[in-house]
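J.: Sequence:
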Amino acid sequence: MNKTIRRAAVFSLLLVLSLLVRATWVQFYDGKALAEDKKNRRNAIALYANPLGNIIVAGDAITGSAQTKGSDLKYKRTYSDGSLYAAVTGYSSQVYGATQLEGIYQDLLDGTATQLKNPLDTLTNKRADPGDVVTTIDPDVQKAAYNALGDKKGAAVAIDPKTGKILAVVSTPSYDPTTISAGNSSVWKKLKKDSDKPLVNRALRQPLPPGSTFKLVVAAAALEDGLYSDVDAKTDSPNPYTLPGTTTPLKNESSSAPCKNASIRVALQYSCNNVFGKMAVDLGQDKVKAMAEKFGFNDTTQDVPVRAYTSVYPSNMDKSSTALTGIGQFDVTATPLQMAMVSAAIANDGKLVSPHMVSQTSDADGNVLKNYDDSTETKEIVSSDTAQQLQSAMQTVIKEGTGTNAQISGATVGGKTGTAQHGENNSKTPYAWFTSYAKSDSNGKEVAVAVMVEQSDAARSEVSGNGLAAPVAKAMMQAALKN
5 MNKTIRRAAV FSLLLVLSLL VRATWVQFYD GKALAEDKKN RRNAIALYAN
55 PLGNIIVAGD AITGSAQTKG SDLKYKRTYS DGSLYAAVTG YSSQVYGATQ
105 LEGIYQDLLD GTATQLKNPL DTLTNKRADP GDVVTTIDPD VQKAAYNALG
155 DKKGAAVAID PKTGKILAVV STPSYDPTTI SAGNSSVWKK LKKDSDKPLV
205 NRALRQPLPP GSTFKLVVAA AALEDGLYSD VDAKTDSPNP YTLPGTTTPL
255 KNESSSAPCK NASIRVALQY SCNNVFGKMA VDLGQDKVKA MAEKFGFNDT
305 TQDVPVRAYT SVYPSNMDKS STALTGIGQF DVTATPLQMA MVSAAIANDG
355 KLVSPHMVSQ TSDADGNVLK NYDDSTETKE IVSSDTAQQL QSAMQTVIKE
405 GTGTNAQISG ATVGGKTGTA QHGENNSKTP YAWFTSYAKS DSNGKEVAVA
455 VMVEQSDAAR SEVSGNGLAA PVAKAMMQAA LKN
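Quick note: the sequence shown uses my numbering, first residue 5, plus one each step.
Among the hints, a few may not be true.
In silico BS3-like pairs for lysine-lysine, Cα to Cα no more than 30 Å straight-line [what the hints assert, rightly or not]: (1) Lys449 <-> Lys147; (2) Lys157 <-> Lys201; (3) Lys374 <-> Lys80; (4) Lys78 <-> Lys196; (5) Lys157 <-> Lys147; (6) Lys80 <-> Lys121; (7) Lys355 <-> Lys383; (8) Lys193 <-> Lys157; (9) Lys238 <-> Lys121; (10) Lys383 <-> Lys298; (11) Lys238 <-> Lys255; (12) Lys291 <-> Lys255; (13) Lys197 <-> Lys166; (14) Lys291 <-> Lys323; (15) Lys255 <-> Lys201; (16) Lys80 <-> Lys201; (17) Lys194 <-> Lys157; (18) Lys196 <-> Lys238; (19) Lys121 <-> Lys157; (20) Lys374 <-> Lys403; (21) Lys383 <-> Lys291; (22) Lys298 <-> Lys255; (23) Lys403 <-> Lys166; (24) Lys449 <-> Lys298; (25) Lys355 <-> Lys193; (26) Lys201 <-> Lys147; (27) Lys7 <-> Lys166; (28) Lys255 <-> Lys73; (29) Lys196 <-> Lys73; (30) Lys121 <-> Lys374; (31) Lys193 <-> Lys238; (32) Lys73 <-> Lys197; (33) Lys443 <-> Lys238; (34) Lys298 <-> Lys355.
Hints are computed from structural coordinates only; laboratory data are not their basis.
Sequences and hints are given; from them, build the entire structure.
T.: This is the structure:
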């Protein structure tokens with residue numbers, strides 16, 4: 005073989021090898037990336053080629069699938085009472101993707117989850133029959149919250165303190181996921197441009213200043229630290245209390261309230277800012293922060309299983325800022341979920357059961373794939389003595405204090421109101437908060453709730469936790485406690 009032929013043969017061999025390498029690369033690397041690309045139409049065609057599995061509330065499917073016309077996507081997602089449950093389900097759209105439970109369990113609901121497949125399905129990559137997601141939501145509590153919030157901009161969460169089951173997750177204004185499931189661009193654009201942000205899940209994913217509801221956390225820290233022996237011990241709380249390093253007094257809502265040196269019980273009853281501002285300074289920001297974090301603040305991985313936005317207790321403050329955190333202001337933020345967790349732990353004698361809104365997942369035959377009710381974690385947040393003292397003080401708030409609108413006949417109720425400042429120099433409408441728990445006097449049922457009203461038609465002077473948020477909480481508690 006002469007030199008020219010040999011070189012041509014070697015060059016041709018190298019070309020063949022490079023083609024083989026490239027083909028292998030495309031098939032096993034680029035191919036996977038292309039197959040998983042969100043813009044790949046084949047994924048959407050495969051996803052909506054068959055009916056999806058369902059999200060279940062109290063034994064009934066609140067989702068469905070309907071055949072389409074004139075589209076290569078054979079089915080579209082449908083929702084029963086879509087606006088009522090949007091904060092639970094999220095949406096599954098042919099165009100805009102999937103969110104919340106629809107997104108988290110998409111592979112289960114479309115039949116591609118590995119736990120749904122038998123060995124032959126795995127080998128052939130055959131799509132299995134889809135599974136279902138069974139929620140912990142109580143439809144009566146969900147409806148009570150949704151109806152009570154009405155046209156207010158706000159959110160509400162209810163938790164069973166003994167089990168951690170989330171009984172309600174409501175965010176208003178809401179939207180109907182069915183209207184965007186087939187990719188209606190005009191509806192989508194309207195939702196995205198709406199200044200009221202209906203697509204935002206305010207219950208789980210919008211932390212705001214919690215105002216005086218945060219005083220429960222400060223009180224818990226003071227009792228656990230031994231700063232005060234019990235909720236009836238007199239505190240060292242001048243009135244007015246001047247913020248350290250400033251000439252600014254920390255004012256109370258009522259100038260006539262008996263807040264000077266008030267006990268924790270009286271300070272919660274009248275929501276005395278001077279008491280809890282000074283208490284936070286006396287404890288120091290590190291101790292308040294430690295207690296807040298035990299309740300769940302600063303947790304960046306709070307999954308229920310939807311990832312909740314982090315509720316924040318700040319660091320590196322001066323004493324005046326620390327005082328403001330004692331009344332739930334400065335840079336303290338919380339979601340309604342977080343404040344419901346505070347009340348749930350107090351109601352459960354100091355123990356917090358991990359909150360969750362999915363009870364179990366199952367395959368197409370109803371076989372349980374995972375039981376979340378059996379895998380909850382319980383943490384002791386405060387001692388039972390501290391929790392019971394706080395329960396007693398919260399009950400005083402309902403019986404004789406700022407939370408009388410949440411009283412329920414036949415139940416023991418404890419709560420805390422909050423009105424959080426909003427805007428520079430409190431120039432915007434305040435946020436109205438209420439967190440509480442209730443225990444039936446007859447059937448043993450319990451519930452903890454938190455309600456936040458961000459905006460309503462009420463006059464600014466009428467915005468209060470007791471006036472706006474407490475009635476919503478009462479409706480939810482009554483629904484949860486009924487036989």
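J.: State for each hint whether it applies.
T.: Here's how the hints hold up against the structure:
no.: 1; hint: Lys449 <-> Lys147; in the structure: holds (18 Å)
no.: 2; hint: Lys157 <-> Lys201; in the structure: holds (9 Å)
no.: 3; hint: Lys374 <-> Lys80; in the structure: holds (27 Å)
no.: 4; hint: Lys78 <-> Lys196; in the structure: holds (27 Å)
no.: 5; hint: Lys157 <-> Lys147; in the structure: holds (16 Å)
no.: 6; hint: Lys80 <-> Lys121; in the structure: holds (23 Å)
no.: 7; hint: Lys355 <-> Lys383; in the structure: holds (5 Å)
no.: 8; hint: Lys193 <-> Lys157; in the structure: holds (20 Å)
no.: 9; hint: Lys238 <-> Lys121; in the structure: violated (64 Å)
no.: 10; hint: Lys383 <-> Lys298; in the structure: holds (9 Å)
no.: 11; hint: Lys238 <-> Lys255; in the structure: holds (19 Å)
no.: 12; hint: Lys291 <-> Lys255; in the structure: holds (24 Å)
no.: 13; hint: Lys197 <-> Lys166; in the structure: violated (41 Å)
no.: 14; hint: Lys291 <-> Lys323; in the structure: holds (13 Å)
no.: 15; hint: Lys255 <-> Lys201; in the structure: violated (33 Å)
no.: 16; hint: Lys80 <-> Lys201; in the structure: holds (24 Å)
no.: 17; hint: Lys194 <-> Lys157; in the structure: holds (17 Å)
no.: 18; hint: Lys196 <-> Lys238; in the structure: violated (52 Å)
no.: 19; hint: Lys121 <-> Lys157; in the structure: violated (44 Å)
no.: 20; hint: Lys374 <-> Lys403; in the structure: violated (43 Å)
no.: 21; hint: Lys383 <-> Lys291; in the structure: holds (18 Å)
no.: 22; hint: Lys298 <-> Lys255; in the structure: holds (29 Å)
no.: 23; hint: Lys403 <-> Lys166; in the structure: holds (24 Å)
no.: 24; hint: Lys449 <-> Lys298; in the structure: holds (25 Å)
no.: 25; hint: Lys355 <-> Lys193; in the structure: violated (44 Å)
no.: 26; hint: Lys201 <-> Lys147; in the structure: holds (21 Å)
no.: 27; hint: Lys7 <-> Lys166; in the structure: violated (86 Å)
no.: 28; hint: Lys255 <-> Lys73; in the structure: violated (64 Å)
no.: 29; hint: Lys196 <-> Lys73; in the structure: holds (26 Å)
no.: 30; hint: Lys121 <-> Lys374; in the structure: holds (15 Å)
no.: 31; hint: Lys193 <-> Lys238; in the structure: violated (57 Å)
no.: 32; hint: Lys73 <-> Lys197; in the structure: holds (29 Å)
no.: 33; hint: Lys443 <-> Lys238; in the structure: holds (29 Å)
no.: 34; hint: Lys298 <-> Lys355; in the structure: holds (10 Å)
Of the numbered hints given earlier, the model fails hints 9, 13, 15, 18, 19, 20, 25, 27, 28, 31; all others are met.
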